[in-house]
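Chemist: For the record, the sequence lines run as chains A and B. Letter by letter, the first sequence follows residues 1 to 273 in my numbering. Letter by letter, the second sequence follows residues 1001 to 1316 in my numbering.
Errors might be hidden in some of the hints.
In silico contact screen, one side only, chain B against chain A (beta carbon under 10 angstroms); selected entries [as the list claims (entries may be wrong)]:
1. 1032
2. 1056
3. 1067
4. 1128
5. 1145
6. 1273
To spell it out: a stretch of chain A is covered by chain B in this simulated footprint if at least three of its residues, at any positions, have a beta carbon under 8 angstroms from a beta carbon of chain B; those stretches are [to be verified]:
7. 31-41
8. 118-127
9. 140-152
10. 201-212
11. 221-227
12. 252-260
Computed list of chain B residues with no C-beta within reach of chain A, every gap over 12 angstroms [what the hints assert, rightly or not]:
13. 1026
14. 1081
15. 1082
16. 1174
17. 1225
Read the hints as simulated data drawn from the structure, not as lab findings. Beta carbons are placed, not taken as given, at the ideal position from N, Cα and C, and that holds for glycine.
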Amino acid sequence: MRRKLPFSPWHLLLMPLALLFVLPLVQMVLTSLMPEAQITQLPPDFIPHGLHLDGYSKLFSESHIVRWFFNTVFVSAVTVVSHLVLCSLAGYGFARLRFPGRGLAFMAVLATVMIPIQLLMIPTYIMFARIGIVDTLGAAIVPWLASAFGIFLMRQFFLSLPVELEEAAVLDGAGALRTFVSVVLPLARPALATLAVFTLLSSWNDLLWPLIAITDDEKYTLQVGLASFQGMRRTEWGQLMAGNVIATVPLIVAFLFAQRRFIATMTFSGLKG
Amino acid sequence: MSVATPPRFAVGGRRPPVAANRPPRGRAVRRALTGWAFAGPATVIVLGLSVFPAVWAFFISRTKWNGVAPATDVGWRNYSRLADDPGALDAARQTLLLTVTFVPGSIVLGILIAVALNRKIRFIAFYRTCIFVPYVASAAATGILAGYVFSPQFGIVNAALRHLGLPAQQFLESPSQALLTLVVIALWGEVGFTTVLYLAALQDIPSELVEAAVVDGAGPWRVFRHVTLPHLRPVTVFATVWQTITALQLFDLIYTTTRGGPLNTTQTVVYYVYELAFQTRRLGYGAALAYLLFVVTLLLTAAVIIYNRRRGSEAF
Chain A
1 MRRKLPFSPW HLLLMPLALL FVLPLVQMVL TSLMPEAQIT QLPPDFIPHG LHLDGYSKLF
61 SESHIVRWFF NTVFVSAVTV VSHLVLCSLA GYGFARLRFP GRGLAFMAVL ATVMIPIQLL
121 MIPTYIMFAR IGIVDTLGAA IVPWLASAFG IFLMRQFFLS LPVELEEAAV LDGAGALRTF
181 VSVVLPLARP ALATLAVFTL LSSWNDLLWP LIAITDDEKY TLQVGLASFQ GMRRTEWGQL
241 MAGNVIATVP LIVAFLFAQR RFIATMTFSG LKG
Chain B
1001 MSVATPPRFA VGGRRPPVAA NRPPRGRAVR RALTGWAFAG PATVIVLGLS VFPAVWAFFI
1061 SRTKWNGVAP ATDVGWRNYS RLADDPGALD AARQTLLLTV TFVPGSIVLG ILIAVALNRK
1121 IRFIAFYRTC IFVPYVASAA ATGILAGYVF SPQFGIVNAA LRHLGLPAQQ FLESPSQALL
1181 TLVVIALWGE VGFTTVLYLA ALQDIPSELV EAAVVDGAGP WRVFRHVTLP HLRPVTVFAT
1241 VWQTITALQL FDLIYTTTRG GPLNTTQTVV YYVYELAFQT RRLGYGAALA YLLFVVTLLL
1301 TAAVIIYNRR RGSEAF
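The task is simple: from the sequences and hints, build the whole structure.
Modeler: See the structure below:
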């Protein structure tokens, strides 16, 4: 039912731009399907001759890629769920409930964004080592259970909701939690989707902290595994690209599913300022 | 980044009409408990994992410590030594260079791409997706991919240059080009974020405003200059702060491409902190450098926010 639009000159700008952004990723996938000899030949080849899974099979036999994958899925799942619960509760509290210390606590939370992660890592590492969770997946999870960004995003969204619905619920005798769960949360679905995407992105893609907190290569996440793989031996591009595909494609697929809500929420949430 | 002034629509900030005469004490306690039950857990986690370590890091920064043997107190010596450390000075210069190219780059590109994407033409959803997709890929994966794309021997970029009759370049392997190449890669990976921010802001501009300007005889450029750009100011403040923090903390990309090389020309402050604290186990010295970075970030952020408050736009 889409109506036909006339050809616009903007296509001449947007088409090459879009290609510039996507072609490297396409090349990543294509390269992962080439035999090593074709990858390093001159001049470089863009299209693989036939389908070669050498990179993948070597990756699967020579590394713990499957373990790394499930470690990452586990860490991301826990952090996303925890973010959704804790940040939406806190966002609602800061947006709508009145309690002593509210302004100060919220300001303190936001100010933490400016502390460089590298500064926090040193004492956090020592702390985690002392309580004995270094080198476990827990070490990768705990710092990501909630974030200032998540609280901020949810608060902005709740502030943008009209208050009348909640007032109606309160008049009907619902308490704060009841109002939150049955009236507010269903309206917050787009914001929750955005929060889930952002949390998934940052926990799935985190390299620095797990790099420090985890040394046992069976407990690596994908990013740490990839980086270690890259550093360990002579560059085998086929394997590296295969690993890159495994680490990147699931997220891109997840994003493609969630993206429709994305821009809408960015507009609503007041993230724009 | 602080939210000192409540936004215009802060409903919760409005005094409820019944509160004019003081509510009974029990109800006030209950309200406080409810509020903290909602906001408490996340607040405790965020503050506990940042304020406490940040304070501790300050004490670590005044010691000589490898994390195992007992720490020895050295006062401000770590800080004063930073001034004579060529590694730290190089890192500071390179971080500055990275920030002053990356931040304006991602903002200008973000605005231009968002303006181009803000059309009702065919395939526009496809174009938007394409431009945002690199943002989804991790910086580590991007770095590994960039190592291949920009490879001096078999990289596709050099193949394109040769095709155009231009000389092949060393890119990440050249001391003079590596940092600039990193900025290009970082822009490719991060510009999706600013683009979405600006796209959202553009769609928020009332069309009557644009129409009124056109009726008054303004051409596209004048509309952009006098209607669009002023409207984008608050987003720009937010994007500047956010991207500055991103640039100052850029690590994954460097780790998976150059590891600070060649000849330390891509060694940035955060990378140097990582090396000091976790490679060479000089925790105190690393913490001191990280503290310095923190103070600089704080001052920069405060400057951006105060400057913009003065000019009358409140993004925070």
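Chemist: Run every hint past the structure and note whether it holds.
Modeler: Outcome of the hint check:
1. 1032: 5 angstroms, holds
2. 1056: 4 angstroms, holds
3. 1067: 6 angstroms, holds
4. 1128: The hint holds - residue 1128 of chain B has a Cβ within 10 angstroms of chain A, the shortest such distance being about 8 angstroms.
5. 1145: 5 angstroms, holds
6. 1273: With a closest approach of 4 angstroms, the residue 1273 of chain B hint holds.
7. 31-41: holds (count 4)
8. 118-127: holds (count 10)
9. 140-152: With 8 residues closer than 8 angstroms to chain B, the region 140-152 of chain A meets the three-residue bar; holds.
10. 201-212: holds (count 7)
11. 221-227: holds (count 3)
12. 252-260: holds (count 4)
13. 1026: 15 angstroms, holds
14. 1081: Per Cβ check, residue 1081 of chain B is outside 12 angstroms of chain A; nearest 17 angstroms; holds.
15. 1082: 14 angstroms, holds
16. 1174: 18 angstroms, holds
17. 1225: 20 angstroms, holds
Checked against the numbered hints given earlier, the structure satisfies every one of them.
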